[in-house]
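Using the hints provided, position chain B relative to the given structure of chain A.
Residue numbers (this note's numbering), protein chains in the order written: chain A, 5 to 165; chain B, 5 to 165.
These are calculated hints, taken from the structure and not from any lab test. A few of these clues could be false.
Since copy identity is lost for identical chains, a pair holds within one copy or between any two.
Heads up, simulated PhoX-like pairs for lysine-lysine below, C-alpha to C-alpha not over 25 Å straight-line [unchecked claim]: (1) 162 / 145; (2) 150 / 126; (3) 150 / 162; (4) 145 / 126; (5) 75 / 145.
Number of protein chains: 2
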Amino acid sequence: MLIEPYTAKHWPEIWDILRPVFRAGETYPFAPDIPENQARMVWSDAPMATYVALRADKVVGTFYIKPNQPKLGAHVCNCGYVVDEAARGQGVAAQMCVFSQIEALRLGFSAMQYNLVVSSNKSAVALWQRQGFDIIATLPKAFNHKRLGLVDAHVMHKFLS
Amino acid sequence: MLIEPYTAKHWPEIWDILRPVFRAGETYPFAPDIPENQARMVWSDAPMATYVALRADKVVGTFYIKPNQPKLGAHVCNCGYVVDEAARGQGVAAQMCVFSQIEALRLGFSAMQYNLVVSSNKSAVALWQRQGFDIIATLPKAFNHKRLGLVDAHVMHKFLS
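Here chain A stands alone, though its shape is the one from the complex (with noise of 0.2 Å):
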């Protein structure tokens, strides 16, 4: 597998796969009707950084890292992973998340934070503790899930070295 910068290129591979993960309301907190435009702007343009995981040339996974918070709280990335349906249980975002941890020391980041882990999302809680990530809080009833309704979100944190 290969990971690297997004290009405008990859754009319709990647919303191929953010389009059913987005829609489906039950991990990221976008309208589940989000358009597509607003989809690419949140995704490519306003991270400080996007890239694609590619196996035989075929976009399979992406994530972006971006600033948790403007500048006294930069130092701090926050990053979001998507993978394609077909592509699941096969390490990609393990490798992606590895990736992202090496990515964000160098751009100068010092810790990464996940905002909003849906807590019904568990497979997603399991993998990012295998990396290293403490729950750092539950927030209650944080998410309104599609299907479940409100579920209970955590805070995922992790120093970078």
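What follows is chain B alone, placed relative to chain A:
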């Protein structure tokens, strides 16, 4: 004390209150040298609603309310408050906080979350606790305090009713 919605005529007075607070770099994460137009954007344009606290027609405090996350997390609001240095210790922040909770409910929010209450700002932490907010996380070294360097920051939360 009167609390009313912000209008553009209040901006010069608000900026006189915000400027020394942002320049100090001890409580808000914005770059201490944030230019006025950016400060105006984050304080009065980006939020859902901004308010001023008036005493004898003079602005003595200001706060904003905005959703803390996009759609599926948008039932939780976030607020920021600043009191004029000359009006501190007179209950202005407490009154703004009470008012903001009523307004937040009216705007349809069901909880309020502060994402980055700087731990060294002990009077603020104590004030929000008196207002019924719980510390639900301590983000390690999350704030680069201009005098103290890296200090912890709290996530504080309250259900509204």
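State whether the alpha carbon distance between residue 75 and residue 145 is at most 25 Å within one copy, between copies, both, or neither. between (29 Å within a copy, 14 Å between copies)
Is it within, between, both or neither when you check residue 145 against residue 126 at 25 Å Cα-Cα? Cα proximity of residue 145 and residue 126: one copy only (16 Å, versus 27 Å across).
Under a CA distance limit of 25 Å, which applies to residue 162 and residue 145: within one copy, between copies, both, or neither? Both ways: residue 162 and residue 145 sit 23 Å apart in one copy and 11 Å across, limit 25 Å.
My question is about residue 150 and residue 126: at a cut-off of 25 Å on alpha-carbon distance, are they close within one copy, between copies, both, or neither? Answer is within: at 16 Å inside a copy they meet the 25 Å cutoff, but 39 Å across does not.
As a check of your reading, is residue 150 near residue 162 (CA-CA no more than 25 Å) within one copy, between copies, both or neither? between (29 Å within a copy, 23 Å between copies)
Hint compliance for this structure: no hint is broken.
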